[in-house]
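Participant: Keeping their order, the protein sequence lines are chains Y and L. Mapping to my numbering: the first sequence position 327 is 327, numbers consecutive. Count along the second sequence starting at 1, add 1000, and that's the number in my numbering.
Certain hints may be false.
For the chain Y half of the interface with chain L, some residues (derived, Cβ under 7 Å), not all of them [stated by the list, open to error]:
no. : residue
1   : 106
2   : 175
3   : 178
4   : 179
5   : 185
6   : 209
7   : 210
8   : 213
9   : 229
Keep in mind the hints are simulated off the structure, nothing from the lab. For every residue, glycine included, the Cβ atom is placed at its ideal position computed from N, Cα and C.
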Amino acid sequence: MATNIAILRRPLDPTGAWAWITTVDHKKIGVLYGLTAFAFFILGGVEALVMRLQLAQADLNVVSAATFNQMFTMHGTTMIFMVVMPAGAAFFNFLVPLQIGARDVAFPRLNALSYWLFLFGSILMNFSFFTGSAPDMGWFAYAPLTAANFSTSSSVDYWILGLQVMGVGTLAAGFNFVITIINMRAPGMTLMRMPVFTWMTLIVSFLIIFAFPVITVAITLLLFDRMFGTNFYDITAGADPLLWQHLFWVFGHPEVYILILPSMGIVSDILPTFSRKPLFGYVTIVLAGAVIAFLGFGVWAHHMFTVGMGRWATSAFAVATMAIAVPTGVKVFNWLGTMYGGSIQFRTPMLFALGFISLFMLGGLSGVMHAVVPVDLHQQDTYFVVAHFHYVLFGGSIFGLTAATYYWFPKITGRMMSESIGKTHFALMFVGFNLTFFPMHFLGVLGMPRRIYTYAPDMGWSGTNMAVTIGAFVIAVSIAVFLYNMVRSARVGQPAGANPWGAATLEWSIESPPHHYNFAIVPTIRSQHPLWDEEANTVEPPPLPYVDESSIHMPSPSYWPLLLAMGVTLVAGSLLVWQAHAIAGLTMGAASGALALISVYRWVFEPAVATEVAEGAAAHH
Amino acid sequence: MQYLARSPEAEHATTTGLNNRKLLMWAFLGSDAMFFGPLIATHLIYRTESLQGPIEEILNIPVTTISTFVLLMSSLAMVLALAGIQQGKMGTFRFWTAMTALLGMVFIGFQMVEFTEFAKHGLTPRTNLFGSTFLTLTGFHGAHVTVGIIWLWSLFFASFRGKVKQENSLDVEIAGLYWHFVDIVWIVIFGVIYLVGAFGVEDRVLEGAHALAGLGG
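Sequences are here, hints too, so could you generate the full structure?
Facilitator: In structure tokens:
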């Protein structure tokens, strides 16, 4: 047995950095996603603070107009693609296999590839700061503004190529979680017994695999226009100036649900635990999520009410947009029903979950206001819209993800986070959030356009803007408290034990942190609340004396996902080099393409479980 | 000892009983359909919007009908290749796999000739909207076929090293799913881009609709 374990670990030192670099373990990949997303959260937050300093008073000159454009573009892009999505992916990775009773995802190496593509794509895009050409055209990059004759620097190219690399990784993750959830469930884990978080992960993954190809097409066509002289967005060649807007928002609106549904799943798992009763209306919550996702593909043009689409199109999209509020309302009432009559415990995860519900409600209501076309015509491109989407994406997504961090931190690290610091964090973040974003509604109604870098003193916006800036710094302090709490709790937090919250779902049946193989014996599930409805030991029988760790074949670490991600990213980078220097670009493209191709072949012919391990285990039996 | 068999990629341990990689290919094809969808839609929106240069009249229907037939026959060859390996007939598998790949290469050859002819008549991706959308759409389709050809030759040569055999005929089946999908996309392109483009079906449908509206009024 000892030899077998030695062979299993032979290629790598499991405690060293290489164990993380070559890992295919969904839990480690989840942690990598989470840490990377938090780093980008700080970066995106700093970009926001720069904007708030510039706007604190009228006619300030903290940064130039050009820098301000880079700040709002990269703040939006960073928060969406490098923070909320990967933070969601962090929890998909860590939790989904645990919640469905699997030992890993369906494709562990593909999972590693997704992470590396996300990381390298993010680095590629942010590298533009060092060349002085950071993207500066707004996160939705409207063509023809982004065409070569209007955006002459390589800023748009960095944005396209970074997003393209990240998008491939996101697609791979989408496929992985669809297959994992459909096909890797433990015996008895029927679809309608799955935790709601897993359900929402499944729905989000479907959204990803159907929405991301559309943005891939949109940015590929833009890249071709910019680099190879095609005419897709060239008005002088007869192109339709709205083509980009349609393609972008066909992706962009489902993307909104990609960002919010994970948090809805998180809250649906947290509320029952701290209300001490099962989720009210489980089936309707699940179906509402599916309906939201489905309708989400039919509302994209509500981002375009001011472009003059004609009455019929505008009316249809207005009605569809209002319709999507119905399943969302169903969810909110179910959450209230879950708490009704429960013995509620106001622990930190619960506070953030309640913060999510209240703030998301406000954002949802201002969203319905946008569905009313005459009102939207006034609100378009004002701070009212900025207030709206921060209520859903920060008040919604980020509050949900913060709740998830407090809730599952004990499972991930084996230690509890501090309750008192956590409550301080919540109070600061809740107050800071509302101080920052609630006044923006008023600024918007008063006519302050989004994305302006300064304003005149006689507009009457100065006092409100100062309040917003103060609120932004309160949020910054709350994030510092959050970071301190995580670092401190990871070192000296109270040991958590398997199920510190008395929760009902499967991930709480095993040790914290879990073994690398998750379940010593694959559990059999008999209800939606396995840990409430049954004695804990029927879910995960105590390890039997003869359970031999070496007999559990876990996939072996691999270099190829990392090298393939490097190859793909360098191919993307070579296009940027090619624009400056043709020969250098082609050479780099050929070399990195070869690296990618070799990695694919080596990956394909490399067994998932290293041969030595499989043979060693076979010999052992 | 049932727990011993449960490794993440073990084929018999899935919830649905379907293989993970096969499901992955189906999911990918669904996603890939959403990739071709916007490309086809963009072409249809722009098909008569070009301000200069040649448009649909440049399409050569007879020649493309031949290349379409070639690609369709490659799907038949793919089916026979899969049947071969499932029955353990390696010779049959190798013959029809090579045939599939060769027919695919003939198709790509036709496409290269077509693109060259168009360039001679002054149609490149830079010329006008038609050139941009048509060549990008069919170019991406050609890239898909090329990936399929590389994949098929990889299976062909791997079979001599014992890496592809009856037990893992699933590897061939998955490649076949991809190949048939790329074939189906071409059927759509041939119908919607070439035939509609050449015969102006859309205009006739519109005329018919107007006539009906006239009757109703």
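Participant: Could you run down the list of hints and mark each one as holding or not?
Facilitator: Right, here's what the structure says about each hint:
no., hint, in the structure
1, 106, "4 Å, holds"
2, 175, "5 Å, holds"
3, 178, "5 Å, holds"
4, 179, "5 Å, holds"
5, 185, "4 Å, holds"
6, 209, "4 Å, holds"
7, 210, "5 Å, holds"
8, 213, "4 Å, holds"
9, 229, "4 Å, holds"
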